[in-house]
Structures are given as C-alpha cells and as structure tokens.
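Chemist: Letter by letter, the chains look like this.
2 protein chains.
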Amino acid sequence: VTATVPPAVALAQAIDRTGSIACVGLDPRPSLLPPGLVDAMLDAHGPGRAAVGAAFVEFNRRIIEAVTGHCPAVKPQVACYEAYGASGWLALEATVTMAREAGLVVIADAKRNDIGSTAAHYGQAFLGHPPGLDGAPLAGLGADWLTVNGYLGADTVEPLLDAGDGGVFVLVRTSNPSAVELQDAPSGSGTVSDAMARLVAGWGPDRVGAVVGATYPDQARRLRDLMPDTWFLVPGYGAQGAGAADALAGARPDGGGVLVNSSRGIIGAWQERGDDDWGAAAAAALDAMNADLGRAAS
Amino acid sequence: VTATVPPAVALAQAIDRTGSIACVGLDPRPSLLPPGLVDAMLDAHGPGRAAVGAAFVEFNRRIIEAVTGHCPAVKPQVACYEAYGASGWLALEATVTMAREAGLVVIADAKRNDIGSTAAHYGQAFLGHPPGLDGAPLAGLGADWLTVNGYLGADTVEPLLDAGDGGVFVLVRTSNPSAVELQDAPSGSGTVSDAMARLVAGWGPDRVGAVVGATYPDQARRLRDLMPDTWFLVPGYGAQGAGAADALAGARPDGGGVLVNSSRGIIGAWQERGDDDWGAAAAAALDAMNADLGRAAS
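Going down the list, the sequences are from chains R and H.
Its first residue numbered -13, the first sequence is counted upward by one per residue in this note's numbering.
Its first residue numbered -13, the second sequence is counted upward by one per residue in this note's numbering.
Do not take every clue at face value.
[To be verified] Now the in silico label distances, taken between C-beta atoms and shown as ranges:
#, chain 1, residue 1, chain 2, residue 2, range
1, R, Gly174, H, Asp211, 23 to 29 Å
2, R, Val166, H, Gly121, 33 to 39 Å
3, H, Pro163, R, Gly121, 26 to 32 Å
4, R, Asp192, H, His31, 37 to 43 Å
5, H, Gly260, R, Pro163, 54 to 60 Å
These are computed hints drawn from the structure, not numbers from a lab.
Backbone N, C-alpha and C fix where the C-beta goes; we use that ideal spot for every residue, glycine too.
My request is simple: use the sequences and hints to build the entire structure.
Modeler: So, in structure tokens, the structure goes:
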C-alpha cells in the first residue's frame, strides 16, 4: 500500500482522518517514567539496560493506545533509545511496530546524515530494506519518515530517498539558540537556511519535508515563501517556549502544511497531574493541544 | 585511566607506539564479506539479521587481530551496523569491545547531532554512561571518539562533551562533491567551513578534533592555519581518490596532527588478492598504506 501512496499524501490523509495536526514525540527517559512503572520494571528485570528498554516499551504502549485516533503521527526521538545501545534499539523497533499497527504515521527523529553510500545505509535502516548475507532484502525499522541533516550537501539526502519509499524531513531551521551562528550565515541572495530551503523545494513535496522550529516564527513565514508546498515538521511548541500562533506561523495560506510536535508536554503530562496514569494524562494533554492549535488557526 | 589522559594525548601516544598515522575503517557490508564466511554464517544462523551481525563480528575479529600493533586506531562506520537495527548494534558493541581490548583507539563514525538535551543522549550512547531506571550509570558503547555534525550550532556539540570523557571529531570539510553547496557558502570573513573551524579551534585540541576530507588538499592547508593544534581525521584516502600527499596536506608544520582513514582499501583488500584470508590481506594493505604515507611525509 505504502508503495503507491507518497508519504506526504498518507500524512495528509491521517490529518483529515483525525482532525489533528499534532505529532506526539515518543522521547522516553528514566526521569520521565512514573515511579510505579519504574519499580515494576526494576523488580522484573533488575537495574540494567534491558530493564530500561522494557520500561520504554510499556510506557510507549500506553501512550500509543491513548493518542491513537486523536493525532496523525508519532515521532520517536532515536537518541533516547540509542543511549541504551542494542537494548534501546529493540525498544525502538517494538515502538515503531506498535505505532504502525495502530495506524499512526511514524517519524523517526534521528537527524541522520552522511555521504553517498553511507547515507544509503541509513536509508536502509530507517526507511528501506538492508541486504541479507544472501542478498535478499531484510526488514528495516519501517518508519514512514526520517529526519535528516542536509548540511553536508544535497548528495547526502538523495541516497536516503533512493533506499526506500518513505519520506525525509530535512532540517532547514532548527529551534536551538545557536542555530543563528551557521544557519543564518549569508549564502547567495539569502542565508544558508534559505539555500537549504531552495534545495528542499526543488525535491518537491511528495517525499521531502522541512523541519522549521516554532521558536522563530518570522523565519517560518519567510521559509514558507521559499517552500510553498512543502510539509513543515514544527518542533519547539510547549516545553521549548513557542505558543500555538508561533507554531502555525509557517502554515500555508489555507492553514495546512504544518505538523506540530510536542513531546514532554504530552508524555510527561502525568507529572503535572500527580498520578501514575500516564496514558490518561497524555490523552488529556493532547486534547488540550488540539484545542489550542484549533483556536490559533481560526 | 582514560579519565586522566585527554583523548588527544591517548591518540598521540598510540601513534608513537605503532609508528603509524593510519586509521582502519571497520565498515562491513554483506558485499564485502568473503564467500567462505558468508556460507558459514548462513549455515549457522540462517538468512536473517542475526546472521549479518554474527558475520560482521567474525569479520572484524580477524581484521582487528591483523592490524593491532600496526595502526593506532579503528573507525567503525555506525551506519553499516545500524542498517541491521538491534542486531547490528549488538555487532557494533562487540566490535568496540574487541578493539578496546586490543588497545586500539576507537572512533565511532556516527556523525551524530541534535540540540541540547538530545545531543546529551547521543553523548551518553557513544562516550558516556546513560542513566538506569534507578539513576545509576550504565555502560555506554565506550568509544574514545565520536564524529559529530556541528552545523546546527555550537550548542549541539557541547552537550556531547559534557556527557563523558571522550573526544569528538567535528565535521569541518567533508569529502563529498556537493560539500561546496553549503560548506563553502560565505560567512563573515570566510566560508561556513571557516566559521566551523574557528569554533573547533576555540574548543581547544584536547577533546575536539576536525574531520577534513583528503579530496580537497588546498582547503586542508587553509583550515590548518585556522586550527593550528587540532587533530585532523582525514577520510577520502584510497577508494575516494585522494593520494598520500593529499591526505597529508593538512598536517602541522612538524608533520603531525593528522590521522588518515582507509576503509575499503584495507578491509576489502582480500578481493584483490583473490583468496579468503581477509586478515592477511588487510595486514598487507595496511603495511603498504603505512609505507605510502611514510614516503609522502619524508
């Protein structure tokens, strides 16, 4: 099925189906896990890396159950899993499988990048099929989208696309304070970010989106002019300080074309409520986020 | 021990001990494995991802045995392993353990990058200790160095350093053809690469090195002026077309400060010789590389 529907079309369909433009960041860390879950996993698995992986899977299982139907997409932050090596990767693989079975669009937030043939391996890992010893294709992670860093040049992005049918969100303007140092450097008639935006626009919107942080809304409006049809993945809403109006600054004139991520604001909502039911807390926080984005859009 | 010796000092000591500035890239792929090894692993493990991981470990085991004492460092390309998910990560972990036990400096070539707290997770993964469910530090991969992409800004590099005692090689000028598009864009009084070089020089040479591709020797000479004391990790020798003189273009005036990587030229040397003894072929190819670099330096 996915081979015949471009990833941008599948994303738009999921947004229509759920009536939401929110993406839930699945970024588990030990400090974000409810005490009851931590105690149960320590009892069952001891203090090592396997316990962390098992806890992440159980944590994500209930988050996914709670948000399915109320948002189009989830975005696992790969660094959170990779910190635990192979144990973390097992948890990442289980998480992606659960999310896909729930019908959610999966964005692997790994910000991968390398040159030529090495980029192709990352494409196989996240979006495609690595070759087995006998040459037959094996299963990869099976994400729908991968975030990538294109600042090494265009030939680091294209091998990722060639490795599978999925899409990539290319970092154009990130939400961190020191982004100005290099991304805002002048390049040709604009900035380095502008040059990246023109590359992204040139690849077309079907399989290439842009990461445009919510913390610089003026930049987002300008970048929309350079990428009129591109899907924007927007980090920075909530915990990083941007509000709904900031997050929607890069929307198309018709209000579409943006997917707004929140991680800690959803999966850490149980901490505010003071109980251990992290699924219910996430569902309530997602409802509030959807309403907030809806008000800002109207 | 490593806590008291900065990674740049440990690297210099390993170079003195072995009389070599060569780094062996451990970049296994099914197409690079000898047929006898492939057949044995298919027989033992079947056609799936576990067989690939087991084959990588056995392949690397004999490479590491063959090159130990003849080069200071090895550089696993993480993408080659990550293509196989958790199975690949298990092989990567085993490879790093074998290399460290052999006394080799280990450079994890992962080109990781992200903002703030997420970069810290990558630092824990490769150079530090991720927290367990009970808060106690767990084992990470245990590499000595990690390659990183700093093009999102300086605040993406510093959390990596804070996460452990290891070092980072920051991408300054990569060896791919389209690097010119963004890395050569003007910035201030020079290029974007120059701005990155100044950031690297500012961090000092003890824990921060630079990746400077061998395919642009004029750039390497210029970048050495901006980073007089920084260690350069130089890809592009051999298979990517650069010769020994190109690879040494960025050396310090005393001839030091460069570590020259070769991957396929060493680990794929068995293909040229037409036999299956990949360890002996790698040792001979490394001897030839050491002699080639020695002639160019004298």
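Chemist: Evaluate each hint against the coordinates.
Modeler: Do the hints match the structure? See the list:
no.: 1; hint: R:Gly174 with H:Asp211: 23 to 29 Å; in the structure: holds (26 Å)
no.: 2; hint: R:Val166 with H:Gly121: 33 to 39 Å; in the structure: holds (35 Å)
no.: 3; hint: H:Pro163 with R:Gly121: 26 to 32 Å; in the structure: holds (28 Å)
no.: 4; hint: R:Asp192 with H:His31: 37 to 43 Å; in the structure: holds (38 Å)
no.: 5; hint: H:Gly260 with R:Pro163: 54 to 60 Å; in the structure: holds (56 Å)
No hint from the list above goes unmet by this structure.
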